[in-house]
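J.: Sequence order for the protein chains is B and V.
Heads up: take any position in the first sequence, counting from 1, add 2, and you land on this note's numbering.
Heads up: take any position in the second sequence, counting from 1, add 10, and you land on this note's numbering.
Possibly wrong hints are sitting among the right ones.
[Stated by the list, open to error] Here chain B is said to cover these stretches of chain V; the calculated rule only asks that three of the stretch's residues, wherever they fall, bring their Cβ under 8 Å from a Cβ of chain B:
| no. | stretch |
| --- | --- |
| 1 | 41–53 |
| 2 | 120–134 |
| 3 | 161–175 |
| 4 | 214–221 |
[Unchecked claim] If you anchor each label on the Cβ, the simulated ranges turn out as follows:
| no. | chain 1 | residue 1 | chain 2 | residue 2 | range |
| --- | --- | --- | --- | --- | --- |
| 5 | B | 153 | V | 311 | 50 to 58 Å |
| 6 | B | 26 | V | 191 | 24 to 32 Å |
| 7 | V | 173 | B | 138 | 39 to 47 Å |
| 8 | B | 233 | V | 173 | 32 to 40 Å |
| 9 | B | 33 | V | 153 | 33 to 41 Å |
| 10 | V | 320 | B | 153 | 51 to 59 Å |
| 11 | B | 25 | V | 201 | 55 to 63 Å |
Keep in mind that the hints were calculated from the coordinates and are not lab data.
None of these values were measured; they are calculated from a predicted model.
Note that beta-carbon positions come from the ideal geometry of N, C-alpha and C, so glycine has one too.
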Amino acid sequence: MKILVGYKRVVDYNVRIQVKPDGTGVVTDGVKLSANPFDDIALEEALRLREKGVAEEVVVVGIGPADLTAHLRNGLAMGANRAIHVTTTDTVQPLTAARVFQKLIEKEQPGLVILGKQAIDDDANQTGQMLAALWDRPQATFASKVEIADGKVTVTREVDAGLEVIEAELPAVITTDLRLNEPRFIKLPDIMKAKSKPIDTIEFASLGLEDNAHLKTTHYAAPAKRSKGVMVKDAAELVAALKQKGLL
Amino acid sequence: MSKILVVAEHLGGKLNSSTARAVSAAAAIKPEAIDVLVLCDSADAIAAEAAKIEGVSRVLTITRAENMHPLAAVLAPQIAKVAAGYSYVFAPSTTFGKDVLPRVAALLGVGQVSDVMSVEGSHTFKRPIYAGNAIITVEADAGSTVVATIRTASWPAAANSASSAPVEAITVDAALPSHTRFVELLQGKSDRPDLQSASKVVSGGRGVGSKENFEIIYKFADKIGAAVGASRAAVDAGYVPSDMQVGQTGKIIAPELYMAIGISGAIQHLTGIKDAGTIVAINKDGEAPIFEVADIGLVGDLFKLIPELEAAID
Ligand SMILES: Cc1cc2nc3c(=O)[nH]c(=O)nc-3n(C[C@H](O)[C@H](O)[C@H](O)COP(=O)(O)OP(=O)(O)OC[C@H]3O[C@@H](n4cnc5c(N)ncnc54)[C@H](O)[C@@H]3O)c2cc1C
Ligand SMILES: Nc1ncnc2c1ncn2[C@@H]1O[C@H](COP(=O)(O)O)[C@@H](O)[C@H]1O
Numbered sequence: 003m004k005i006l007v008g009y010k011r012v013v014d015y016n017v018r019i020q021v022k023p024d025g026t027g028v029v030t031d032g033v034k035l036s037a038n039p040f041d042d043i044a045l046e047e048a049l050r051l052r053e054k055g056v057a058e059e060v061v062v063v064g065i066g067p068a069d070l071t072a073h074l075r076n077g078l079a080m081g082a083n084r085a086i087h088v089t090t091t092d093t094v095q096p097l098t099a100a101r102v103f104q105k106l107i108e109k110e111q112p113g114l115v116i117l118g119k120q121a122i123d124d125d126a127n128q129t130g131q132m133l134a135a136l137w138d139r140p141q142a143t144f145a146s147k148v149e150i151a152d153g154k155v156t157v158t159r160e161v162d163a164g165l166e167v168i169e170a171e172l173p174a175v176i177t178t179d180l181r182l183n184e185p186r187f188i189k190l191p192d193i194m195k196a197k198s199k200p201i202d203t204i205e206f207a208s209l210g211l212e213d214n215a216h217l218k219t220t221h222y223a224a225p226a227k228r229s230k231g232v233m234v235k236d237a238a239e240l241v242a243a244l245k246q247k248g249l250l
Numbered sequence: 011m012s013k014i015l016v017v018a019e020h021l022g023g024k025l026n027s028s029t030a031r032a033v034s035a036a037a038a039i040k041p042e043a044i045d046v047l048v049l050c051d052s053a054d055a056i057a058a059e060a061a062k063i064e065g066v067s068r069v070l071t072i073t074r075a076e077n078m079h080p081l082a083a084v085l086a087p088q089i090a091k092v093a094a095g096y097s098y099v100f101a102p103s104t105t106f107g108k109d110v111l112p113r114v115a116a117l118l119g120v121g122q123v124s125d126v127m128s129v130e131g132s133h134t135f136k137r138p139i140y141a142g143n144a145i146i147t148v149e150a151d152a153g154s155t156v157v158a159t160i161r162t163a164s165w166p167a168a169a170n171s172a173s174s175a176p177v178e179a180i181t182v183d184a185a186l187p188s189h190t191r192f193v194e195l196l197q198g199k200s201d202r203p204d205l206q207s208a209s210k211v212v213s214g215g216r217g218v219g220s221k222e223n224f225e226i227i228y229k230f231a232d233k234i235g236a237a238v239g240a241s242r243a244a245v246d247a248g249y250v251p252s253d254m255q256v257g258q259t260g261k262i263i264a265p266e267l268y269m270a271i272g273i274s275g276a277i278q279h280l281t282g283i284k285d286a287g288t289i290v291a292i293n294k295d296g297e298a299p300i301f302e303v304a305d306i307g308l309v310g311d312l313f314k315l316i317p318e319l320e321a322a323i324d
C-alpha cells in the first residue's frame, strides 16, 4: 500500500504572530517556518504503518512556492520515500488543496491519505473532509488511534463527547489529532540520505484546476486585547473579589 | 432575500445547544427564513426542541436508520441535496460541524468559512486564524452558496420562543455510502455541567501534577458548580480524558468565570478562553503568561491555595 501524506509548511507554532499595521497580512519575513505540527504527526503515523509492514511507500506532498523544497527534504529525512512538490506562488485554500490531492490520487492510487486535522496558519480544518468528498471515500477525522487490518481501518476519533470509534473501508482519508503519536526527531545521517531521495515537481497550472480563490480575505486585524487585571494577595481576597462580581 | 439552512447537532436524542448558537449567527444575516435540518433515525424529540428556538421558520427532518450516528460520509450527501434551496448552510464549529460541513462544501463545489465570529455583511464575516492571533475579514462569493461553521463561543444561544415552528418530514434522493461504519462512542460519565455550555469552568494544567491530584480540581469545581477543563499538557500526561482539552485544538469556550489552575497560559490555550467573562489564574510562577490576560491573578501553590479557597467560600 502507498500512503500520501499532506506536509504543509507553516509559521512555527512558537512564533508570536504580528499583524501588519496596514492590515494586509501577518508578518512572515524572517519568521521561523516549520512543518505543520499535525502533518508531522501524519507523517509519523505513515512511517509507523510502513515499519509494521502495512504500507510499502510513504509519499509526502507539499503545495507551495519554489523554496518549499528544503521543507520537503525534512519530510524525506524523517523517513518518507519520496516527495511531490506542487508549485504555486498563490496561497492555497482548502478546496484547492483538496482538488490538488484528488489529482495526485488519480495518478498515485494510494491506499490511504493522511492529512493534519488543521493547518495552524489558516486553522481551516477542511482539506481532508473536502478531499474525502471529492474522492467519494471514507473520512476519519481527528484520529487519535489508527489500526489497519483486512482492507479496513479502525480509527478512534477525538470528538467533543469523548472518543468515537469508526470503521472504514480502504482507501480512505484520515486526519490526525495531537495524541495520535509523537513524531520522531530527524537524525543527522538521515539528512544526508534524504539528499538523494526523489522530489517530483509538478506545476500547479499543469493540473488544469479551476480558479484558486473561493474566499477573499480583505483585512487582517490584531485580536482585541484583554486588559491586564488585578493581582490579589490571598485566597480570601480572591473569594471576596469573585463574590463582589456575583460569580460565587 | 436569502434562506439559511442550519444543520442541527444532537446526541442521545437531545439537541445540542450549539445549534441555537448557529441560529443566532444565522439571524445576524437577517434572512427571509432560517430552517433547521435534523438528520436522525428518530427525529421527533430533537425536532420539537429545535422548533422552539426563536427565529426558526421551519424544522426539516430526515429520518433514516443510516442517520443513527453522525457519520459525515452519510450525512453530507443528504445535506448537500437539501442545500439546493438555500443560499447559506451553517453548522456549529464543534467536532460534529467541523467533520461534516467541509464535506458538504466540497459536494457543492464551494469554499467554507470556518469559525465565524461575526457577520459584517451579507457575505462578509470575521474569523480567527493563527490560533486567534489574527482576525481576518473574509468575503464569500455572492454568486454561490455560503457554507460556514459558527464559532459557538462568539454567539449566544438563541432564546426559546413561546410558539413552535412547524416541523416537516422530508426525504431526499441521495445515494448513501456503506463504506463507513460507527463502532462505538466512549463517553466518560459525569454529573458535572457540560464544559461547552457551563457558566463556570475550572481548568487544571500540568501544574496539577497527576491524575490523582486532579481530584482536588474536581472537588473544588463541584463546590462552586463548575465544569472541569484542562490544558493540552494535562491531557497528554494522562491526568484527564481528551474531551476536557480547552484551546486552539480542543474546546473553545466562553463561560462567565474561567479559573486556570497550574496552567502557564500558552497562546494555544488562551485562544480557547478569550471570550470568557472573568479569567482567574492561580499559578506559583508570578511571571507566567496567564497573568497577562487574567482579570484576577493569585500567585502561589495550588495545593495550598485551593483548600484555603474552599474554606474562604464557606
Ligand atoms: C499545534 C498545537 C496545538 C495545541 N493546542 C493546545 C490546546 O488546544 N490547548 C492547550 O492547552 N494547549 C495546546 N497546545 C500546547 C500548548 O502550547 C502548551 O504546551 C500547553 O498549553 C501547556 O500546558 P500547561 O500550561 O498545563 O503546562 P505548562 O506550560 O508546563 O505549565 C504548567 C504551569 O503550572 C504551574 N505550576 C506548577 N506547579 C504548580 C503548583 N503547585 N501550584 C501552582 N502552579 C503550579 C507552573 O508555574 C506552570 O506555569 C498546543 C500546542 C501545539 C503545538
Ligand atoms: N498547501 C498544502 N500543502 C500540503 N498539505 C496541505 C496544504 N494545505 C492543506 N494541506 C493538508 O491539509 C491539512 C488541513 O489543512 P486546512 O484544511 O487548511 O486546515 C493540513 O494539515 C495538510 O495535511
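J.: Determine for every hint whether it applies to the structure shown.
T.: Evaluated hints:
1. 41–53: The restraint on the stretch 41–53 of chain V is violated, since only 0 of its residues have a Cβ under 8 Å from chain B and three are required.
2. 120–134: With 7 residues close enough to chain B, the hint holds.
3. 161–175: violated (count 0)
4. 214–221: It is violated, with 0 qualifying residues against the three required.
5. B:153 / V:311: 50 to 58 Å: 54 Å, holds
6. B:26 / V:191: 24 to 32 Å: 47 Å, violated
7. V:173 / B:138: 39 to 47 Å: 42 Å, holds
8. B:233 / V:173: 32 to 40 Å: Taking Cβ atoms as reference, residue 233 of chain B and residue 173 of chain V lie about 50 Å apart, which means the hint is violated.
9. B:33 / V:153: 33 to 41 Å: Check passed, 36 Å falls within 33 to 41 Å.
10. V:320 / B:153: 51 to 59 Å: For residue 153 of chain B against residue 320 of chain V, whose Cβ atoms are near 55 Å apart, the range 51 to 59 Å holds.
11. B:25 / V:201: 55 to 63 Å: 47 Å, violated
Of the hints listed earlier, those the structure fails to meet are numbers 1, 3, 4, 6, 8 and 11, in rising order.
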